[in-house]
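Here the sequence shown is numbered in the working numbering, starting from 3 and rising by one per residue.
Careful: at least some of the hints might be erroneous.
Think about it this way: if two alpha-carbon atoms lie no more than 16 Å apart in a straight line, the pair counts; the simulated EDC-like pairs of lysine to aspartate or glutamate are [stated by the list, open to error]:
1) Lys153 / Asp194
2) Lys53 / Asp15
3) Lys153 / Glu125
4) Lys133 / Asp29
5) Lys84 / Asp134
6) Lys84 / Asp29
7) Lys84 / Glu119
8) Lys23 / Asp194
9) Lys133 / Asp30
10) Lys133 / Asp157
11) Lys204 / Asp157
12) Lys153 / Glu119
13) Lys76 / Glu125
14) Lys153 / Asp168
15) Lys91 / Asp134
16) Lys91 / Glu72
17) Lys204 / Asp26
18) Lys133 / Asp15
19) Lys53 / Asp78
20) Lys16 / Glu119
21) Lys16 / Asp157
22) Lys153 / Asp134
23) Lys16 / Glu125
24) Lys204 / Glu72
25) Lys174 / Asp194
26) Lys76 / Asp29
27) Lys204 / Asp134
28) Lys76 / Asp134
29) Lys53 / Asp134
30) Lys91 / Glu142
31) Lys23 / Glu196
If you are wondering where the hints come from, they were derived from the structure by calculation, not from laboratory data.
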Amino acid sequence: MVKSLLYYQVYEDKEVAFAMKYIDPEDDVIELGSSIGVMGCIISRRQTTGKYISVEADPSLMKINRKNIEFNRKTDFVLINKAVDYSSKTVSFSTSKSNLTGKVQADGSGDSTIAVETTTLIELCSTYNLKDFVLVSDIEGAEVTILLNDKSSLDSCSKMIIELHDTEYNNKTYMVPDIVNLITNCGFNVTDQERNVYVFTKPERNS
């Protein structure tokens, strides 16, 4: 199925279109949930001097992710096998036979469950000296953990390309409109949207 989606250019088509439109060649980019590296390939073709930090929780995808990015990239990049989380040093990650459905979740449902080390957005910014970056994210609703626990890290974020999902965190349900409100309360404006894929920018970066 994934091969067919790639062949017909509909795999993450909205995210790809937004990346082509809104990521500048000199932008530094953090991608959360980079999967098999499709967005990483697009980002790598867009960038000239910008840094690219790729984060993916599923270890089974790391080899193909790296291979795809290396094939499309002319400069160095960082690929990290961790999950973004603020509750502990490791989390349970439910893997799947498809790269589309693996996610961090407490109930451990899925084809199998593994322990994955965690990181935070502020840690990534500090480690790689990112002062002004673009956040590209598709982590199945786990963005809420950043918005509730790590808002200061977004002070250095100028743009987001993000797929939003209804999610539950700490026994509270957050619908997509709730998450949009959390993001706009951090100083972002909605610049573009297709279905549940959004582009947010800081007002001074709007065009």
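Against the structure, the hints:
no., hint, result
1, Lys153 / Asp194, "violated (22 Å)"
2, Lys53 / Asp15, "violated (23 Å)"
3, Lys153 / Glu125, "holds (13 Å)"
4, Lys133 / Asp29, "holds (11 Å)"
5, Lys84 / Asp134, "violated (22 Å)"
6, Lys84 / Asp29, "violated (23 Å)"
7, Lys84 / Glu119, "holds (5 Å)"
8, Lys23 / Asp194, "holds (10 Å)"
9, Lys133 / Asp30, "holds (9 Å)"
10, Lys133 / Asp157, "holds (9 Å)"
11, Lys204 / Asp157, "holds (10 Å)"
12, Lys153 / Glu119, "violated (21 Å)"
13, Lys76 / Glu125, "violated (26 Å)"
14, Lys153 / Asp168, "violated (19 Å)"
15, Lys91 / Asp134, "violated (26 Å)"
16, Lys91 / Glu72, "violated (29 Å)"
17, Lys204 / Asp26, "holds (15 Å)"
18, Lys133 / Asp15, "violated (29 Å)"
19, Lys53 / Asp78, "holds (8 Å)"
20, Lys16 / Glu119, "violated (30 Å)"
21, Lys16 / Asp157, "violated (26 Å)"
22, Lys153 / Asp134, "holds (15 Å)"
23, Lys16 / Glu125, "violated (29 Å)"
24, Lys204 / Glu72, "violated (31 Å)"
25, Lys174 / Asp194, "violated (27 Å)"
26, Lys76 / Asp29, "holds (15 Å)"
27, Lys204 / Asp134, "holds (11 Å)"
28, Lys76 / Asp134, "violated (21 Å)"
29, Lys53 / Asp134, "holds (11 Å)"
30, Lys91 / Glu142, "violated (20 Å)"
31, Lys23 / Glu196, "holds (13 Å)"
In this structure, the earlier hints numbered 1, 2, 5, 6, 12, 13, 14, 15, 16, 18, 20, 21, 23, 24, 25, 28 and 30 are contradicted, and the remaining ones agree with it.
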